[in-house]
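> With these hints in hand, go ahead and build the complete structure from the sequences.
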Amino acid sequence: MKRAFWSAGLALCLLGAACRAKPEPEAAVRTPSPTARPALPALGFIDESSQGTPVDGGVLRRRLFGEPTTLNAVLQSSAPEAQVLQYVQRNLFDFDARLELVPGLAEALEASPDGLSYTITLRADAVWEDGRPVTSADAVFTIRKIVDPKIPANVFKPVFEEFESVEALDGRRFQVRFSRPYAFRSMAFVLPLLPEHRFAGQNFLKSKQNRAPLANGPYRFISWKTQESVELERNEKYPGPRGHFDRIVFRIVSDNTTAYRLLLEGELDEDQLDSGLKDRAVRDPAFAACCRLLEFYNLDYNYVVLNNRSPFFADPRARRAVTMLLDRASIVRGLYKGSARIISGPWAPDSPAYEARVPPLPFDPAAATRLLDEAGWKDTDGDGVRDRDGRPFAFDLLVSAGSEIGRQIDEMLSAELARVGVTARIRTLEWAAFVEKIDAGDFEAASLAWSAVDPNPDPYFYWHSSQCSPNGLNNGCYASPEADGLMETARLETDPGRRKEVLARLHRLLRDDAPAVFVVNAAQKVALRRRIRGLTTSPLGLYGIWPGPLAWWAEPETGKAP
Amino acid sequence: MTAYILRRLFWAVPTLFGISVIVFLLLHLAPGSPGAGGADSLRRASGRAAEEMRRQYGLDRPLPEQFAAWIGRVARLDLGESFADHRPVSERILEALPHTLALNGLALFFALALAIPLGVVAGGSPESAFDRASGAVLFAMYSMPTFWAALLLQTLFAVRLRWLPLYGTAADAAPAGLAGLGDRLAHLALPVACLTYGTLAFVARLVRSGVAEARTADYVIAARARGASRGQALWRHAFRNALLPVITLFGLLLPALLSGSVIIERIFAWPGLGRLYLDSILARDYPVILALSLLSAVVTLAATLLSDIAVAAVDPRVRDGAAG
Chain A
1 MKRAFWSAGL ALCLLGAACR AKPEPEAAVR TPSPTARPAL PALGFIDESS
51 QGTPVDGGVL RRRLFGEPTT LNAVLQSSAP EAQVLQYVQR NLFDFDARLE
101 LVPGLAEALE ASPDGLSYTI TLRADAVWED GRPVTSADAV FTIRKIVDPK
151 IPANVFKPVF EEFESVEALD GRRFQVRFSR PYAFRSMAFV LPLLPEHRFA
201 GQNFLKSKQN RAPLANGPYR FISWKTQESV ELERNEKYPG PRGHFDRIVF
251 RIVSDNTTAY RLLLEGELDE DQLDSGLKDR AVRDPAFAAC CRLLEFYNLD
301 YNYVVLNNRS PFFADPRARR AVTMLLDRAS IVRGLYKGSA RIISGPWAPD
351 SPAYEARVPP LPFDPAAATR LLDEAGWKDT DGDGVRDRDG RPFAFDLLVS
401 AGSEIGRQID EMLSAELARV GVTARIRTLE WAAFVEKIDA GDFEAASLAW
451 SAVDPNPDPY FYWHSSQCSP NGLNNGCYAS PEADGLMETA RLETDPGRRK
501 EVLARLHRLL RDDAPAVFVV NAAQKVALRR RIRGLTTSPL GLYGIWPGPL
551 AWWAEPETGK AP
Chain B
1 MTAYILRRLF WAVPTLFGIS VIVFLLLHLA PGSPGAGGAD SLRRASGRAA
51 EEMRRQYGLD RPLPEQFAAW IGRVARLDLG ESFADHRPVS ERILEALPHT
101 LALNGLALFF ALALAIPLGV VAGGSPESAF DRASGAVLFA MYSMPTFWAA
151 LLLQTLFAVR LRWLPLYGTA ADAAPAGLAG LGDRLAHLAL PVACLTYGTL
201 AFVARLVRSG VAEARTADYV IAARARGASR GQALWRHAFR NALLPVITLF
251 GLLLPALLSG SVIIERIFAW PGLGRLYLDS ILARDYPVIL ALSLLSAVVT
301 LAATLLSDIA VAAVDPRVRD GAAG
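Read top to bottom, the protein sequences are chains A and B.
Everything in the first sequence is counted per the working numbering, starting at 1 for the first residue and increasing by one.
Everything in the second sequence is counted per the working numbering, starting at 1 for the first residue and increasing by one.
Please note that a few of the clues may not be correct.
Below, computed lysine to aspartate or glutamate pairings styled on DMTMM-like, alpha-carbon distance capped at 25 Å [claimed, not checked]:
1. A:Lys-437 to B:Glu-52
2. A:Lys-150 to B:Glu-52
3. A:Lys-150 to B:Asp-131
No wet-lab data here; the hints were simulated from the structure.
Below is the structure:
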């Protein structure tokens with residue numbers, strides 16, 4: 001269960017001024033202290049769960065960036081869907097704020113000694129809102145749908161790839177067998193269940209259930225108005241702790257500026273800010289009066305993938321040179337005003353796989369120049385551009401339209417490369433066209449953003465040579481027998497300590513081989529109405545954790561809310 | 001006249017076919033493919049399911065075959081089902097259509113209802129103080145970008161004065177009956193204003209120049225000589241002639257009723273066709289894009305036909321020429 005996405009045009013800048021970064025002092029913001037080098041993997045996060053006495057009642061108004069395409073938990077594929085479903089349907093297990101598995105619909109998970117089969121016991125009181133119990137038949141139904149090749153269950157398919165069988169042992173227990181052990185297998189059971197009895201005799205992809213899900217969680221679905229809102233109310237049948245709010249209203253607001261205004265007006269209680277709006281918020285007295293800004297680190301990061309098959313980047317020395325030509329410290333200072341951390345490998349510093357003792361390569365144009373010379377890239381014809389075998393070192397650097405940060409990073413990189421005689425032409429592509437080129441491996445270099453929805457650090461799918469594009473997600477087709485071996489070992493190693501060691505060696509290798517320019521892990525910026533309490537942040541953000549937003553509550557608002 | 005209409009209707013069929021071919025080809029030639037779009041793409045493991053989807057929807061077949069299948073379905077009034085949520089395309093369009101019709105219908109109505117008197121009065125006395133002032137204001141309105149106006153109007157009426165709602169089609173707990181209607185109208189006010197002023201400025205200037213030109217024409221002077229009052233001469237004689245280009249223009253404005261407005265719909269979180277169109281294009285949801293393109297082609301053809309008939313009806317020269 002892993003999800004990668006490249007930052008699309010979420011941040012549509014309507015007001016030019018609002019999007020331009022201005023050097024302003026920051027006031028009353030909880031900013032994580034900037035670090036020039038990765039900090040120790042620490043959970044220096046915000047935890048207000050023990051502050052104040054929660055009050056029940058009221059409405060929580062949340063923002064969805066876009067319309068969900070389905071509310072079928074198995075078919076979900078985007079953030080808006082996950083954000084709604086988290087309230088309605090519980091998973092067998094969930095991650096808590098410390099990224100540890102906690103029970104949900106299930107109460108026990110037992111692995112066989114060979115690591116191939118798992119027996120799961122459901123809670124006796126788990127119940128659907130129509131009064132029927134949640135049974136092992138529901139689990140078998142759900143897992144069979146996930147592994148069905150005709151069903152696009154893209155979130156769950158990867159962890160069920162080596163799936164062999166599933167069977168109900170009794171009403172509450174079921175067993176899942178896999179053909180191979182996998183170190184991160186337990187993450188497969190961060191899994192929602194579907195009510196089998198509601199899907200009987202229906203086309204799974206077109207079922208009415210997909211737009212009106214049956215609840216087994218703290219809230220039940222009431223309505224979904226296309227492109228407007230999704231509304232939930234408390235599910236009185238839920239046996240676990242009650243949700244504090246009577247109702248949850250998700251408003252579908254795709255425009256960031258509109259969402260910001262709705263937040264100030266009290267029509268939204270929370271919003272994720274882009275850096276332009278964050279700058280505006282810290283200077284806006286109206287914002288300070290109603291709202292607060294939280295900044296914290298999650299597992300997302302930016303990187304510039306280099307096509308290792310291209311003649312320019314086949315040599316690790318050339319790739320390393322590119323990394324050493326990107327001034328990441330000034331990106332942290334300039335683009336992120338300090339709230340970002342330089343990374344040295346394909347994980348964020350708070351990922352369980354990140355090895356803090358692997359410092360990033362320094363910004364060192366002189367050393368980079370030497371590396372390029374050694375790799376045979378010299379300006380032999382005196383035109384100011386390095387060349388080798390008659391080929392000038394000039395390539396296209398792709399970025400998706402709307403990725404403001406990606407474009408700014410590309411511009412800095414391009415300027416620095418030009419200074420040492422390498423030409424990087426920045427090319428902006430519309431999202432679908434961009435994705436097509438990346439998937440096909442048809443590019444030389446491209447700016448990407450990584451977004452994690454679970455803490456699975458397994459690098460296999462993204463950096464193993466068997467996963468080269470166009471058939472896998474190793475887009476730049478990094479291929480190193482040594483790295484391959486480490487990745488294979490890591491995914492079979494069940495001892496966390498030894499696995500960590502293997503991953504640390506891999507981390508060092510990836511830093512030196514530099515299959516991509518790993519840029520920064522930037523802080524997430526969330527704005528909240530001050531009345532919202534009980535927050536917990538995590539490396540997965542505010543939402544993808546348990547209880548996460550389910551523990552939020554509101555102080556009765558004294559001011560008027562229009 | 002009937003023969004003229006029939007002939008035009010007959011020619012509409014090959015025109016629509018041609019438009020369909022072009023849209024279909026452009027769509028399939030454009031980079032990107034269905035299933036890849038959306039901000040969160042789950043790329044891994046989507047492989048086999050995506051293949052299955054391509055097979056199921058016939059995307060693995062040769063283009064001419066796909067086109068034939070699609071046009072065959074359209075001929076039976078079946079627009080297919082959306083790749084994104086597997087619902088019938090017609091259902092998704094019908095969901096958004098009323099919102100777009102309400103918004104753009106009101107905008108068009110107000111634009112014409114305000115532009116015509118403004119234009120006639122200004123054109124009736126060219127270079128007068130009113131003409132100059134209205135000209136300056138209309139010109140400013142015409143050049144003002146809609147997204148900027150939208151933000152200004154939001155700031156003034158929704159944030160500062162709190163007279164009107166900021167966004168959306170109805171309040172959270174909208175009352176039923178008359179009060180509910182009032183709530184919906186209040187929600188319409190700002191987006192309608194944004195969509196109105198540009199057209200208003202444009203049409204008003206068009207009417208103004210037509211009337212200004214006609215008022216010195218021989219037949220208007222003759223009408224005045226026969227004793228018609230200034231107002232009569234203006235409205236009955238000058239305005240009628242100035243109306244012809246407006247009717248033609250109306251044919252061009254009408255399709256906007258359905259095309260939606262991407263920017264305004266986005267700013268006001270309005271669930272109309274513009275947003276559906278944009279989302280579908282980003283997700284490469286072919287059936288929805290094709291259906292919406294076809295719909296707007298049909299409306300454009302129908303509107304042109306209507307305005308031609310209307311022009312023929314009010315202008316004997318065109319009518320006789322067309323009939324002969």
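> None of the hints should be skipped; say for each whether it holds.
Okay, the hints, checked on the actual structure:
Distance restraint check for Lys-437 (chain A) and Glu-52 (chain B): the Cα-Cα separation of roughly 21 Å lies within the 25 Å cut-off, and the hinted pair is therefore satisfied. Using a Cα cut-off of 25 Å, the hinted pair Lys-150 (chain A) and Glu-52 (chain B) holds, with the two alpha carbons roughly 6 Å apart. Using a Cα cut-off of 25 Å, the hinted pair Lys-150 (chain A) and Asp-131 (chain B) is violated, with the two alpha carbons roughly 67 Å apart.
Consistency note: the structure conflicts with earlier hint 3 alone.
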